[in-house]
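Undergrad: My request is simple: use the sequences and hints to build the entire structure.
Heads up, the sequence shown is in UniProt numbering, so the first residue is 1 and it goes up one at a time.
It is worth saying that the hints were derived from the structure and are not from the lab.
The reader is advised that the hints may include incorrect statements.
Simulated crosslink set (DSBU-like; lysine-lysine; CA at most 30 Å straight-line) [to be verified]:
| hint | residue 1 | residue 2 |
| --- | --- | --- |
| 1 | K214 | K322 |
| 2 | K107 | K221 |
| 3 | K304 | K322 |
| 4 | K114 | K175 |
| 5 | K214 | K114 |
| 6 | K336 | K304 |
| 7 | K336 | K214 |
| 8 | K304 | K175 |
| 9 | K214 | K304 |
| 10 | K221 | K322 |
All values derive from a computational prediction rather than experimental measurement.
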Amino acid sequence: MSSPTPASRRAIVIGGGPAGLMAAEVLLQHGLQVELFDAMPSVGRKFLLAGVGGMNITHSEPRAPFLARYGLRERELTPIVDAFDADALRGWVHGLGIDTFVGSSGKVFPTAMKAAPLLRAWLARLRDAGLQLHVRHRWLGWDDAGRLRFAGPAGEVLRDAAPTVLALGGGSWAKLGSDGQWLPLLAAHGVDTAPLQAANCGFVCGWSEHFAAKFAGSPLKNVALSFEDVHGRPLSRRGEMVLTADGIEGNLVYGFAAAIRERINRNGHASVQLDLAPDRDLARLSAELQRGRGAASLANHLRKQCGIDGARTGLLRELLDKDSFNDMTRLAAAIKALPLTLHATRPIDEAISTAGGVRFEALDERLMLTARPGVFCAGEMLDWEAPTGGYLLTACFASGKAAAHGLLHWLASAGA
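TA: Written as structure tokens, this is what we have:
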């Protein structure tokens, strides 16, 4: 009978998303025996969902603006992402036998545009390297003896203490495994955590029933959104958004989600302005609207003179009083800066990602919990956020690699 593997050559990874799988790969490459536990029936479920509409693996943006996407946590994430940046990530994907390309927006995609082939190739490589995978095992924390507890299909499972990487995800898309139930488990052990909040999410403004019934689901292409953040700095960007049954969502909105959410947290609401005709300046727009319209309806006049129709016209009618809508000077000004008040984020389980989680202040430079030596954290469960476009996945992959190297460094420093 073979003797048990010593703890110094064993590692446990909890969470089978990109961060956890990357941590497992690094540990296996360094000769450790690795067990990976995941609560779901299969790993990478949120990763697969993200790839349904086209797997955006990273972004080709230059380093400085790329890192700036991490906002308040840019300083903490810079060394992590620098150690496994977009170019390194693309090279890693190519090593799985999957080609990538850069789209017109600068986003980087696998050639097949899907996550499933990448995940299949990756899991095959991990199994060949000796990964022991346990699905349907939900982590329950530690028992009094320091053993890891899991709720498995046949009852509770215990694992003796071993260096551990936690990569448990955030709090969005609970049905895919990211439910945030780990947060109170860590808080109970003195880990400094921030409440989970919706990120890359839609916002509620509260339309009338008539407007919602007619325009929910309507896209608004080529519009600009502007507002001031909590520090009074003006922010503006052009893009595409979608009208929902009670508010707005879409890539244009997601890019500002953190700043809008912070404004709502501080003031109870956020005031933004929409430019419905960003290719026309105010003078041109006013001149076009002042032209005589004869027997044409105002809706036809807006459409013919300045391309305002459909949902754009509906928004103007929803948000302006009758006098403003019929005064061409005021209407032109509203088209260029239509005020919209946002009252709340959509529920966290509808968000693409979450902010909050384990604060970096609770970790050392190796991503190890200071309150729990030998336990490392990675991925979206850390307190950071970024817009969509490849930035989220890049930091998840990179932090998984960083946590694994932190674990290896800790073992080495302990003389294991």
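Undergrad: Take the hints in turn and mark each one as holding or not.
TA: Here's how the hints hold up against the structure:
1. Between K214 and K322 the alpha-carbon distance is near 19 Å, which keeps this suggested pair within the 30 Å criterion.
2. About 19 Å separates the Cα atoms of K107 and K221, which keeps this hinted pair within 30 Å; it holds.
3. Restraint check: the Cα-Cα separation between K304 and K322 comes to about 21 Å, which is no more than 30 Å; the hinted pair holds.
4. For a cut-off of 30 Å, the pair hint linking K114 to K175 stands: about 21 Å separates their Cα positions.
5. Between K214 and K114, the direct Cα distance comes to roughly 34 Å. Violation of the 30 Å bound is thereby established for this hinted pair.
6. The straight-line distance between the Cα atoms of K336 and K304 is roughly 17 Å, inside the 30 Å bound, and the hint therefore holds.
7. Straight-line distance between C-alpha atoms of K336 and K214 comes to about 23 Å, which keeps the hinted pair within the 30 Å bound.
8. Of the supplied pair hints, the one linking K304 and K175 is violated, its CA atoms being roughly 47 Å apart against a limit of 30 Å.
9. With a C-alpha separation of about 22 Å, the suggested pair K214 and K304 falls inside the 30 Å cut-off, and the hint holds.
10. Between K221 and K322, the direct Cα distance comes to roughly 26 Å. Compliance with the 30 Å bound is thereby established for this hinted pair.
Of the numbered hints listed earlier, those contradicted by the structure are 5, 8.
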